[in-house]
Every structure is written in C-alpha cells, then in structure tokens.
Amino acid sequence: MTLHIVSQNNPFVLKNCLAVAGPNDALVFINDGVYALATHAALVKRPLTYALAHDITTRGLTLNHLIEPLSYSQFVALSCQYNPVQSWY
Amino acid sequence: MTLHIVSQNNPFVLKNCLAVAGPNDALVFINDGVYALATHAALVKRPLTYALAHDITTRGLTLNHLIEPLSYSQFVALSCQYNPVQSWY
Amino acid sequence: MLFTLVIHAAPHSLLGSTAYNAYQFAQCLLQEGHRIHRLFFYGEGVHNLNAQAITPQGEFDLPAAWQALIEQYQLDSVVCIAAALRRGVLDDNEQKRHQTPQRALANNLLTGSELSGLGQLIDATAHSDRTITFA
Amino acid sequence: MLFTLVIHAAPHSLLGSTAYNAYQFAQCLLQEGHRIHRLFFYGEGVHNLNAQAITPQGEFDLPAAWQALIEQYQLDSVVCIAAALRRGVLDDNEQKRHQTPQRALANNLLTGSELSGLGQLIDATAHSDRTITFA
Amino acid sequence: METQTHIAQYDLLFIFSHSPYGSSLGREGLEAALAAGAFDQNMAIIFMGEGLWQLKSQQDTVDAQRKNHQKMTSALPMFGIDALYAQASGLDERQLDLSDFYLAAKPVSDETIGELIRQAKQVLSF
Amino acid sequence: METQTHIAQYDLLFIFSHSPYGSSLGREGLEAALAAGAFDQNMAIIFMGEGLWQLKSQQDTVDAQRKNHQKMTSALPMFGIDALYAQASGLDERQLDLSDFYLAAKPVSDETIGELIRQAKQVLSF
Numbered sequence: 001m002t003l004h005i006v007s008q009n010n011p012f013v014l015k016n017c018l019a020v021a022g023p024n025d026a027l028v029f030i031n032d033g034v035y036a037l038a039t040h041a042a043l044v045k046r047p048l049t050y051a052l053a054h055d056i057t058t059r060g061l062t063l064n065h066l067i068e069p070l071s072y073s074q075f076v077a078l079s080c081q082y083n084p085v086q087s088w089y
Numbered sequence: 090m091t092l093h094i095v096s097q098n099n100p101f102v103l104k105n106c107l108a109v110a111g112p113n114d115a116l117v118f119i120n121d122g123v124y125a126l127a128t129h130a131a132l133v134k135r136p137l138t139y140a141l142a143h144d145i146t147t148r149g150l151t152l153n154h155l156i157e158p159l160s161y162s163q164f165v166a167l168s169c170q171y172n173p174v175q176s177w178y
Numbered sequence: 179m180l181f182t183l184v185i186h187a188a189p190h191s192l193l194g195s196t197a198y199n200a201y202q203f204a205q206c207l208l209q210e211g212h213r214i215h216r217l218f219f220y221g222e223g224v225h226n227l228n229a230q231a232i233t234p235q236g237e238f239d240l241p242a243a244w245q246a247l248i249e250q251y252q253l254d255s256v257v258c259i260a261a262a263l264r265r266g267v268l269d270d271n272e273q274k275r276h277q278t279p280q281r282a283l284a285n286n287l288l289t290g291s292e293l294s295g296l297g298q299l300i301d302a303t304a305h306s307d308r309t310i311t312f313a
Numbered sequence: 314m315l316f317t318l319v320i321h322a323a324p325h326s327l328l329g330s331t332a333y334n335a336y337q338f339a340q341c342l343l344q345e346g347h348r349i350h351r352l353f354f355y356g357e358g359v360h361n362l363n364a365q366a367i368t369p370q371g372e373f374d375l376p377a378a379w380q381a382l383i384e385q386y387q388l389d390s391v392v393c394i395a396a397a398l399r400r401g402v403l404d405d406n407e408q409k410r411h412q413t414p415q416r417a418l419a420n421n422l423l424t425g426s427e428l429s430g431l432g433q434l435i436d437a438t439a440h441s442d443r444t445i446t447f448a
Numbered sequence: 449m450e451t452q453t454h455i456a457q458y459d460l461l462f463i464f465s466h467s468p469y470g471s472s473l474g475r476e477g478l479e480a481a482l483a484a485g486a487f488d489q490n491m492a493i494i495f496m497g498e499g500l501w502q503l504k505s506q507q508d509t510v511d512a513q514r515k516n517h518q519k520m521t522s523a524l525p526m527f528g529i530d531a532l533y534a535q536a537s538g539l540d541e542r543q544l545d546l547s548d549f550y551l552a553a554k555p556v557s558d559e560t561i562g563e564l565i566r567q568a569k570q571v572l573s574f
Numbered sequence: 575m576e577t578q579t580h581i582a583q584y585d586l587l588f589i590f591s592h593s594p595y596g597s598s599l600g601r602e603g604l605e606a607a608l609a610a611g612a613f614d615q616n617m618a619i620i621f622m623g624e625g626l627w628q629l630k631s632q633q634d635t636v637d638a639q640r641k642n643h644q645k646m647t648s649a650l651p652m653f654g655i656d657a658l659y660a661q662a663s664g665l666d667e668r669q670l671d672l673s674d675f676y677l678a679a680k681p682v683s684d685e686t687i688g689e690l691i692r693q694a695k696q697v698l699s700f
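Protein chains in written order, with my numbering: chain A, 1 to 89; chain B, 90 to 178; chain C, 179 to 313; chain D, 314 to 448; chain E, 449 to 574; chain F, 575 to 700.
Heads up, some of the hints might be wrong.
[Unchecked claim] Simulated pairs of lysine-lysine, DSSO-like, Cα-Cα distance not exceeding 27 Å: (1) E:K569 <-> B:K104; (2) A:K45 <-> A:K15; (3) E:K554 <-> E:K569; (4) F:K645 <-> F:K680; (5) F:K680 <-> A:K15; (6) F:K680 <-> F:K695; (7) E:K519 <-> E:K554; (8) B:K104 <-> A:K15; (9) D:K409 <-> C:K274; (10) B:K134 <-> B:K104; (11) A:K15 <-> F:K695; (12) E:K554 <-> B:K104.
[Unchecked claim] Here are some chain D residues pointing at chain C (derived, C-beta under 10 Å): (13) P324; (14) S326; (15) L328; (16) T368; (17) P369; (18) L403; (19) E407; (20) L418.
Calculated from the structure, these hints are not laboratory results.
For each residue, glycine too, the CB sits at the ideal point set by N, CA and C.
Work the whole structure out from these sequences, hints included.
This is the structure in structure tokens:
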C-alpha cells in the first residue's frame with residue numbers, strides 16, 4: 001500500500017492525491033499541507049490520515065481528535081510500513 | 090482602476106483575484122496564469138481580460154477569439170493606463 | 179512613465195518563472211521610452227544576479243541579459259542584502275566580512291547591481307509612478 | 314531499512330520549505346537505526362549545500378546542519394551537477410572549468426557532498442528500499 | 449453596495465496572501481512592511497486567503513527550529529503600523545474568527561478590498 | 575471495478591504533475607526520466623493534473639526565448655520509454671484529448687493510477 005505525503009495546501013494537489021489514494025493507503029500531511037486538514041472536514045474523518053505534529057504546532061493549529069499527530073519517529077515508521085512513498089506538492 | 094496580473098494557475102490565486110476585481114478593473118494573465126483561461130469558460134467572456142501572447146504560444150494553447158492576445162508593448166501600455174498594479178501569485 | 183519592478187522569482191524556481199516575464203517587460207518598457215526608477219530583486223529573485231550561475235550553451239542566459247540591460251540603460255539595480263546573504267549572493271564587502279580561514283567566499287554579485295536594504299524598496303515605491311511585482 | 318531522499322526544496326524557496334522536513338526526517342531515521350543509501354539534492358534543493366549562504370545569527374543554519382549530519386554519518390550526498398551549475402553551486406572542478414579572467418568563481422559546495430549526474434539518482438532508487446521526495 | 453467615500457487612501461498597500469512558513473514570502477513580506485513602517489509611510493496591510501494564517505495565534509516554532517513569525521508580526525504596531533485588514537470571506541472559509549488572532553485586524557468584504565486597492569497609490573504583493 | 579491483475583508493475587514510476595514552463599520541475603523531471611531510460615529501467619511515466627500540459631502539442635518557445643520541452647519530451651521513445659499514461663479525468667477537466675498531444679499516451683482512470691503507484695517499487699514525483 002502507498003504512503004501519500006501532501007506538503008502543500010493547494011486544491012489541485014489535494015484533488016490529485018485524493019483521486020488516486022485507495023482506502024488502504026495512508027495519507028501524511030506535512031508542512032503547509034496541514035492547513036488542508038484545518039479546512040476540509042471530510043478529510044479529518046478519513047482513516048489512515050496523519051499530520052506531522054511539528055508542522056501543526058508551528059502554525060498554531062489545533063488538531064481534531066480524529067487526526068493522529070505524528071512524530072518524526074512515527075513518520076519514519078509509516079514510511080517503512082508502506083511502500084512506495086509518493087509525494088504530492 | 091486596478092490592473093490585476095495573474096501569473097499562476099492555482100484555484101486560491103484565481104479566487105482571490107476574481108473576488109476583489111471590480112468590473113472596470115483589467116486582468117492580465119501571464120506565465121502559467123494563461124492555463125486558467127484555457128479551463129475557465131466564464132473568464133474568457135469577461136471584458137477587460139487579456140493574456141500575454143508569448144506565454145500562450147510557449148504553452149501551445151489556442152486563444153479563444155474573445156481573449157485579447159497581448160504583446161509586451163501592449164502590456165506596458167496597460168500598466169500605464171491603469172493604477173495601481175496588483176500581482177496575484 | 180517611471181517604473182519600479184520588484185522581482186521575487188529566480189531564473190529556476192520551484193514556483194513561478196516570471197523572472198523571464200520581468201526581464202522582457204523591463205526591456206520593452208525601456209524600448210518604448212519609459213524609464214525605470216529602480217529594479218529591486220527580493221527573495222529568490224536575488225539569484226537573477228548570481229555571477230556563479232552557469233547557463234548551458236544554447237540557452238537564454240537570464241543573469242547575463244539582466245546585467246547587459248542594467249549596463250545599457252545605466253539602471254539603478256538593488257538586490258536586497260538580507261535576502262541575498264541568506265541565499266549566498268555576496269558583494270565585495272559581504273564577502274570580506276564573512277570570509278574566514280575555514281570558509282572561502284566569493285563576490286558573486288554581477289557588476290552593475292548593489293546590495294542594499296529594504297529602505298530602497300520603500301523609497302522606490304514612493305518615487306515611481308508604477309510598482310509592479312513579478313513572482 | 315535503506316532510504317534514499319530526494320530534496321527539491323531550498324532552505325528559502327518561493328514554494329515549499331520541506332527542506333527542513335527532509336533534514337529532520339533524515340536525522341530521525343538515522344537515530345532510529347535505519348540507513349541512508351544516498352541523499353540526492355536536485356532542482357532548487359542544491360542550495361541546501363551552498364557554502365556561501367549566510368544564516369543570520371540566532372536562526373537555524375540548515376546548510377550547516379546538513380553538512381554536519383553528512384559528516385557524522387558519513388552519508389553519500391550527491392548534488393545534481395546540471396541543477397547545481399544553473400544555480401551557481403560549483404565544486405572545485407567546475408569552478409576551474411568555468412572560471413575566466415573576466416569571471417572569478419568560487420568552489421561553494423559544502424564539503425562532504427559531491428556534484429554528479431542523474432545516474433546517481435536512478436541508481437539510488439534501484440538500490441534502496443524506499444525513495445522519498447521532499448519538495 | 450458600499451459607499452466609496454469612507455474607503456481610506458494609502459500611499460502603500462501590502463497584500464499578504466501566502467502562509468507564514470511554507471515559503472519565504474510570508475517572512476519577506478513582513479520585513480518589507482516593517483521597513484515601510486520605519487519610514488513612516490501612509491500604509492496598510494491586507495491579510496487575505498492563505499495570508500490570514502499569518503495572524504493565527506499560538507504559533508510555536510521551537511520544535512521545528514524555525515523563526516517565529518508571530519513575534520515579528522507582533523512588532524507591527526510598534527512600527528506605527530495599525531491599519532490591518534482581514535478578508536472576511538477568507539476567515540469564514542478557514543473557520544477562523546478574530547479571536548483566533550494575536551493582533552487586531554479589521555474584517556473587510558472583498559468589495560472593500562477591491563476598493564482599497566483601487567484607492568492605493570502603490571501595492572506590494574507578498 | 576477494475577481487475578488488478580492487468581496492472582503493469584514498474585520498478586520506477588515517474589509522476590509528472592506540474593506544467594512545463596511555470597517552474598523548473600517539468601524540465602528536471604524530464605531530464606531524470608531520460609536518465610532512467612538511458613539506464614534501461616523498467617519504468618513508466620504518468621502525466622496527471624497540470625502535468626498533462628507537458629504533452630500539449632505546438633509549444634513554440636522562440637518568442638519567449640525558453641528551452642522547448644516538447645523537443646525534450648519527444649526524445650522519450652528514443653530512450654526506450656514508451657509506457658506513458660495520461661490521467662483521463664485530468665484530460666476532461668482541461669478539455670484536452672489525445673489528439674492535442676504530440677506523443678501517444680494511454681488514458682487511465684484515477685483508480686488505475688492508484689494501482690500503478692501501489693504496484694511500483696519506487697516513485698519519483700515531479
């Protein structure tokens with residue numbers, strides 16, 4: 001299963017990612033990608049959806065309890081668990 | 090009246106520009122902004138909407154006859170005629 | 179009419195190649211008899227005047243083209259000093275100031291432009307008929 | 314597990330500051346006992362190893378941090394030669410090759426990395442368990 | 449329809465439409481605005497679209513080792529820059545309200561933003 | 575629902591999702607793909623979203639003094655790279671069809687793209 005990394009909040013980027021991500025693929029939002037989570041309610045309810053904790057706190061955002069805040073250590077673990085890794089930007 | 094320059098094809102960028110542009114403001118699409126004209130039928134019908142000819146031909150696009158292809162000389166003339174100039178990117 | 183152009187885009191950016199648009203706009207307005215009060219290179223735009231950038235043969239050499247235009251029309255061309263330092267574009271002063279025995283540095287600002295502060299940008303907007311941002 | 318990281322973002326980009334994410338990801342995976350087959354700096358990412366970049370005091374110096382990480386773990390760090398030349402990041406060879414009496418150039422590639430071709434990227438994907446792009 | 453007579457006229461208008469940490473634009477826009485404040489310009493800043501995130505409170509950059517924009521932006525009033533506008537439609541889209549901000553900004557409609565731009569002598573876009 | 579048994583497996587999959595001239599990504603992706611072709615990789619390229627513009631015919635870069643991507647992309651088959659896929663939904667959104675392209679690409683659904691990625695050993699994203 002694929003690990004999708006989303007590093008921007010751009011409607012085109014998000015659209016492409018969501019169009020091809022399967023139900024068992026995991027999504028990790030990093031950098032400005034975390035803003036997408038703050039503004040898309042549907043995303044927050046998707047299983048296997050994560051956000052990098054550092055990038056959330058940097059931007060002063062509050063995590064919805066449904067979203068798993070990810071340490072770098074957990075991000076590394078996910079990238080071992082899934083294959084391949086596709087970056088959307 | 091304002092001259093709005095749009096240099097990207099990004100939904101956020103286009104939305105901001107169209108939200109604040111008044112009916113007598115002019116819009117110039119340059120660089121990747123010209124792709125927005127190729128995909129938004131409503132934009133093409135807006136009066137005072139222009140696209141930089143160089144950037145259209147570079148990308149292999151065909152101009153709708155409603156859109157004025159702009160030479161750099163005409164782009165300079167517009168930027169003299171309008172004031173201020175706001176760039177959206 | 180008197181223009182100031184603010185250039186944020188580098189010749190090779192992840193986002194925006196409007197550095198080419200800025201150059202062609204500048205060239206055209208000067209040919210038409212308008213004047214440029216100041217070119218202000220900010221952010222990634224500082225790379226437009228990076229003397230170390232080697233353009234492959236057969237490609238348009240944007241830094242060289244800027245330098246030639248600046249010289250031909252004796253333009254006031256300012257590169258933001260804070261933005262330039264962060265990105266490794268140094269003039270003679272800054273090269274000497276930051277050089278250490280462990281760290282050899284070069285003056286890699288193309289001639290004809292100078293590093294200066296943001297005051298030059300604010301001043302330029304106040305003294306120009308038009309300020310146009312390319313990014 | 315064996316990783317290759319491809320870094321497209323510069324420390325100061327118009328788009329994307331994932332250069333910081335890439336560094337922290339690399340640091341973490343090494344601390345966890347995983348290994349890096351290769352770091353490949355491409356596109357604007359070449360500026361991560363620009364020795365001329367002067368980071369203001371009190372700010373995190375990303376190029377210095379990359380250099381220290383590369384040295385500490387003896388990482389294979391490749392900077393795409395074509396991307397680097399266009400953007401003015403030169404090693405000793407390229408500095409000598411392109412220097413002219415009219416054009417003084419510096420070797421401004423941080424030590425510990427080398428300029429090489431895209432074959433190094435393709436080879437790295439074939440020999441790593443994971444390839445991750447940061448842009 | 450809003451009357452245009454109450455629209456302030458600025459010599460220099462900054463439009464901030466990019467987020468604070470995802471690119472260098474947020475920071476470089478702030479530095480330019482602070483410089484303009486130091487030069488006593490008749491100026492204003494409009495935060496719109498993704499630029500509204502610049503004003504979000506509780507930015508904590510310690511873990512990410514980044515320079516904190518919130519601290520820089522907080523300096524705006526000290527430089528005499530107090531005409532700060534926030535795009536109302538952009539606030540709604542991001543489920544933000546003024547209580548999320550660490551600096552006071554005046555919410556304005558898109559029409560008012562359009563008119564503020566038309567009335568301005570010069571615009572700098574970040 | 576598509577059967578997964580017919581999905582090709584590639585060692586190296588390129589995803590091109592950026593336009594050709596607006597940034598350096600289009601060009602640098604092409605150069606990487608050509609290098610992979612020269613190394614005889616079992617590879618494919620998927621053009622999707624804004625990346626579909628890379629295949630648009632009649633790119634004329636003379637006036638703009640830019641390097642022509644169409645010429646570079648046309649070299650892909652000469653490097654043995656003939657597995658080229660185009661996102662069907664992206665074509666529709668851009669009112670493009672295959673006759674607008676100067677190179678043959680196979681239209682594929684978003685589901686198939688998802689499966690091509692899952693089956694790939696490595697992905698490079700440009």
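Query raised in the report: CA of K554 (chain E) to CA of K569 (chain E), is that 27 Å or under?
Result: holds, 21 Å
Report task. Could you grab the alpha-carbon distance between K45 (chain A) and K15 (chain A) and see if it respects the 27 Å cut-off? Result -> holds, 16 Å
Query raised in the report: Does K104 (chain B) lie within 27 Å of K134 (chain B) when you go C-alpha to C-alpha?
Result: holds, 16 Å
Query raised in the report: Is the Cα-Cα distance between K645 (chain F) and K680 (chain F) 27 Å or less?
Result: holds, 20 Å
Query raised in the report: Was the hint right that L403 (chain D) lines chain C, CB cutoff 10 Å?
Result: Cβ of L403 (chain D) sits 6 Å from chain C, so the hint holds.
Query raised in the report: Given the hint that K569 (chain E) pairs with K104 (chain B), does the C-alpha gap stay at or below 27 Å?
Result: holds, 24 Å
**Report entry** T368 (chain D) as an interface hint toward chain C, with CB separation required under 10 Å
**Finding:** With a minimum Cβ separation of about 7 Å from chain C (threshold 10 Å), the hint on T368 (chain D) holds.
Report task. Mind checking the alpha carbons of K554 (chain E) and K104 (chain B) for me, to see if they're no more than 27 Å apart? Result -> Holds, at roughly 21 Å.
Query raised in the report: Should the interface hint for P369 (chain D) be scored as holding, given a Cβ-Cβ cut-off of 10 Å against chain C?
Result: holds, 7 Å
Query - Hint validity - E407 (chain D) Cβ closer than 10 Å to any chain C Cβ - result: holds, 8 Å
Report task. Take the C-alpha atoms of K519 (chain E) and K554 (chain E), compute the straight-line distance between them, and say whether it is at most 27 Å. Result -> Holds. K519 (chain E) to K554 (chain E) sits at ~20 Å (cutoff 27 Å).
**Report entry** chain C contact restraint for L328 (chain D) - C-beta distance below 10 Å
**Finding:** holds, 3 Å
Violated hints are absent here; each numbered hint is respected by the structure.
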